[in-house]
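Listed below are the residues making up each chain.
Protein chains: 2
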Amino acid sequence: MTMVNTTAQADNAENVLSPDAEEQAAAEAHVVSFQTTPERYRHWSIGIDGPVATLTMAVAEDGGLVPGYALKLNSYDLGVDIELYDAVQRLRFEHPEVRSVVITGGLDKVFCAGANIRMLASSSHAWKVNFCKFTNETRNGIEDATANSGQRYLAAVNGTASGGGYELALACEQILLVDDGSSAVSLPELPLLGVLPGTGGLTRIVDKRHVRRDLADVFATLPEGVRGETAARWRLIDESVPRNAFSERVRELAEEAAATSARPAEGAGIALPTLQRDIAEAEVRYRYVRATLDRDEGTVSVTVSGPDEAADPSLEALHRQGSDYWTLAMTRELDDLILHLRTNELELGTWLLRTEGDATRVLAHDQMLIDNSGDWLANEVLHYLKRTLKRLDVTSRSLIALIEPGSCFAGSLLELALAADRSYMLDGVFEDTAVEDSDDAAPPAAIIVTALNDGLLPMGNDLSRLGTRFFGQDDAVQQVKKRLGEAMSAAEALEFGLVTFGPDDLDWEDEVRLAVEERASFSPDALTGLEANYRFAGPETVETKIFGRLTAWQNWIFNRPNASGADGALRRFGTGQRATFDRKRV
Amino acid sequence: MTMVNTTAQADNAENVLSPDAEEQAAAEAHVVSFQTTPERYRHWSIGIDGPVATLTMAVAEDGGLVPGYALKLNSYDLGVDIELYDAVQRLRFEHPEVRSVVITGGLDKVFCAGANIRMLASSSHAWKVNFCKFTNETRNGIEDATANSGQRYLAAVNGTASGGGYELALACEQILLVDDGSSAVSLPELPLLGVLPGTGGLTRIVDKRHVRRDLADVFATLPEGVRGETAARWRLIDESVPRNAFSERVRELAEEAAATSARPAEGAGIALPTLQRDIAEAEVRYRYVRATLDRDEGTVSVTVSGPDEAADPSLEALHRQGSDYWTLAMTRELDDLILHLRTNELELGTWLLRTEGDATRVLAHDQMLIDNSGDWLANEVLHYLKRTLKRLDVTSRSLIALIEPGSCFAGSLLELALAADRSYMLDGVFEDTAVEDSDDAAPPAAIIVTALNDGLLPMGNDLSRLGTRFFGQDDAVQQVKKRLGEAMSAAEALEFGLVTFGPDDLDWEDEVRLAVEERASFSPDALTGLEANYRFAGPETVETKIFGRLTAWQNWIFNRPNASGADGALRRFGTGQRATFDRKRV
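As they're listed, the protein sequences go chains A and B.
Just so you know, we're using my numbering here: the first sequence kicks off at 1 and counts up by one.
Just so you know, we're using my numbering here: the second sequence kicks off at 587 and counts up by one.
Rather than coming from a laboratory, the hints here were simulated on the basis of the structure.
Everything numeric in this text was worked out from a predicted model, so none of it was measured.
Hints may be right or wrong, so weigh each one.
[What the hints assert, rightly or not] Below 20 Å or equal to it, Euclidean Cα-Cα: the simulated EDC-like pairs (lysine to aspartate or glutamate) are:
| hint | chain 1 | residue 1 | chain 2 | residue 2 |
| --- | --- | --- | --- | --- |
| 1 | A | Lys584 | B | Asp882 |
| 2 | A | Lys584 | B | Glu933 |
| 3 | A | Lys386 | A | Asp371 |
| 4 | B | Lys1170 | A | Glu297 |
| 5 | A | Lys584 | B | Glu867 |
| 6 | A | Lys584 | B | Glu883 |
| 7 | A | Lys584 | B | Asp880 |
| 8 | A | Lys481 | A | Asp462 |
[As the list claims (entries may be wrong)] If you want the ones that stay clear, here's a sample from chain A, every Cβ over 12 Å from chain B, calculated:
| hint | residue |
| --- | --- |
| 9 | Arg42 |
| 10 | Pro51 |
| 11 | Gly63 |
| 12 | Thr138 |
| 13 | Asp179 |
| 14 | Lys208 |
| 15 | Ala232 |
| 16 | Thr274 |
| 17 | Pro313 |
| 18 | Glu356 |
| 19 | Glu431 |
| 20 | Glu486 |
Backbone N, C-alpha and C fix where the C-beta goes; we use that ideal spot for every residue, glycine too.
Please model the entire structure based on the sequences and the hints provided.
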């Protein structure tokens, strides 16, 4: 088995700049790594001054992840956003002292020009969709840090913020725009590119910032955007500040935000070293998470292991071990695997989710997090687990949980089964292992629902996965809650509606195989649409609107000749030629 | 000016059956009329027995609206659904005595096979999207009749209900399925066609019927569907009933529903005669609504007239005049115009909305509806107006309200301006008319907000248009509510945020012209996506999820080669060949 270090591959990709569009597809096919460290950043820098951190964006024009475009005017591609994601994560884990974060631009006159248009124009549909999803998740993460880590984000828009640049600002709690007669915020996607602002802009404008819908409409038709007091009056920004007073006002507001932050100030941060992983043709292996890729079947078997026998599930151990502590290590690995598979393995459409290990050790680690929610690090770990599970919810792959003897679908790990589109739980044991009475002969599988499943790991719709599963069936939830902490057999899990199927040893292999084959026979697009609709019953939030409504419309538009055709607006941008539109409104 | 009777054209289209796909586009280009009467139905029949009406579907195979397909097995096309829409409307207005409605199938062994697949496969994208929108609106109308007219719908599924057939049942309050060992409910779109159940199925299953999402997943993968007690246990139906007890049980439940209906039993129905309209190349003219079509500009100017001077705004007049009463007549005309333009004038992307008349007469008619909400007919008129305005909200055209002297944007008609994406209100008068002091010289325009705007005409998100406009700005709403019933000038309307722009006579023409030209220069697709996102701030409901999330995903899927390509599932269906899929998951 040949092990490949994919970080090196991505590094290579970063350093090649070529205008040849034909290399695009090949370049996309390179393995993208989501691992980086501040020392390797090419586009962002982190400055920390007391309780205030500053993230400065100064994109290297020649630092594109894929050849074929120059990242001018602080425009970004996936590689730029991978650094931002890394920076946001590190601030949360490595810097407990940071209580507010300023995002600002490091170039003259421009804050951020949004997603690079040549990159978008030359990318495949799947690449565009994946890119938008990840950037959306990163911006949701910024809002999560503000809401749940007490790291309150402030956008210091010190030049023009257009498109995704303004959408980045929208993810911050406050937006300050420099008033210099030229700097503006804008969403020029409609007039210039014939697509939507696809990183939450349309949703956050009306649903978060409460901009009136008619002003929002006008705003989105102005390629030059809106400046100064008008921008403030329309609620597009919070304050318009003269350039000579700008940095002082930013500092003032950042310190105010820091002062009122709920982030506990004690303690030292923990390091997030680069994950150790081995990637081979048919396997991705971390310490607690491993994936087996079956390209014929179109599946990935993901197995998440519970804590080792020696693991110490104490708060002290968490602080001492840091990223080696089971919950955090497992979460980081799962997060990375999800991103890796989503971006690099598009044709593996079904993920089989398994766990293995001792449920009591999982629950001990969970309980520590519950008991110490006031501890900043325990809090971070819990919210990171929440975000990682949310990533699973919006992953366009069929998720099937397989609950077998030896598994530990309990508490935090039960969420994997609850996130799945369906689940199979073996009733009894695999006869061939049981009769031998060997060390492999595990007892029948059990699942355990705990308090962690009852609201501490909400989905994007703000309901627990249990609450979403039983949406409108309050009795069913109440029945389950009477059994918190108790091991449930396949028969019980079926009765309580916690698993989909409970075949015995005779039927197991056939049922699972048929499900997998069937999934592979369906239209991948229709599966994506189906799952996106079923996974989020009940209330909608800014987050579900972004991933449901906004994303779906954007995907549709990306697919239409009016945007992506040879004469479409996205392809024609910058050529001096106007797009040719099919004028039919649908 | 040549007047064309389009009803006759549609009749012609209905009677031609040809397998030649090349005629498809030409056939779609025929003007579709949404007007019909029970005497002309070819697919549905209405039977009334005391308080229970029965709508029986027996689709004429050769009765397709467009040539090229046979409507086998009670499958439907737009023409079939136009009849259903007509029947639902007539039951509400013509039959106050009807308090429950049974929908059942008139063929042997099949309730309804859903949308005709050959029709879908051969239709243009725009046709598919428009078709789905209208069928969705009709099903929402069935739910509205149940909730607000006390006409409670029951699906008597006396044979297999697949796809859109089951989705039709899902729109009913109760679903009874015959238990005969073969009849099933199913959503076979995913496995058979590679598209979504696009008429609310995915949403209603989890959000209305509260089917568990994993069972919903399994259900949508079973082309043969689910039968009998399993269907009931999964909550897909309410009852599974043996064939020999079926009609008796249906009657029993229909009578129970009728007995507990809140529909007032008094009074005689009113007739809904075919609307008088003249359609010319550049004009559509009804009594109170007229539209001027500018194909160069890509616009439609819609003008809604207020009540005549002689109009009697009393409850007695409503019952006496019936469909001639202003509010009802205007609403019917507007409803028909929206449907006509949406289906037949795809390239006219901007609608300019104007009103003309005396605001006090509009308000008198509105007040009558408010004062008599307990009267069944006044109630019907108000809910019909609500549904018609909702149709406007989901119309994929840019809506611009023009508020000029002589207009009557007050109460019910102010909703047109509030539904618009933006509004222009003239500050002052048009100087050329004012100086002449002629009869044409109207005083400056005013708008009037009334109680009708404050919740009696909710949008799909269950908020008023005012509430949606000021979502998250409660103060702004409170300020406006202090001025209920008062005429507001352009300056005041601007100050209160009720209009977007208030140019004076010098700027008016340029500003409006520029807005119209600008709109025509944008990507029609991006405009559709933008407007669909902006129009529905705030909470989501089953209705907004259907038109937002579900529809957007379905449109995306319809556009993908995996569905609509030559080798796609939709095109390959029935050929004996399997679809060829691009397996990339996005």
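Hints versus structure:
no.	hint	verdict
1	Lys584(A) x Asp882(B)	holds, 14 Å
2	Lys584(A) x Glu933(B)	holds, 5 Å
3	Lys386(A) x Asp371(A)	holds, 17 Å
4	Lys1170(B) x Glu297(A)	holds, 13 Å
5	Lys584(A) x Glu867(B)	holds, 18 Å
6	Lys584(A) x Glu883(B)	holds, 13 Å
7	Lys584(A) x Asp880(B)	holds, 15 Å
8	Lys481(A) x Asp462(A)	holds, 18 Å
9	Arg42	holds, 28 Å
10	Pro51	holds, 30 Å
11	Gly63	holds, 26 Å
12	Thr138	holds, 19 Å
13	Asp179	holds, 23 Å
14	Lys208	violated, 8 Å
15	Ala232	holds, 15 Å
16	Thr274	holds, 28 Å
17	Pro313	holds, 31 Å
18	Glu356	holds, 22 Å
19	Glu431	holds, 26 Å
20	Glu486	holds, 21 Å
Figure legend: structure checked against the earlier numbered hints; the only hint not met is number 14.
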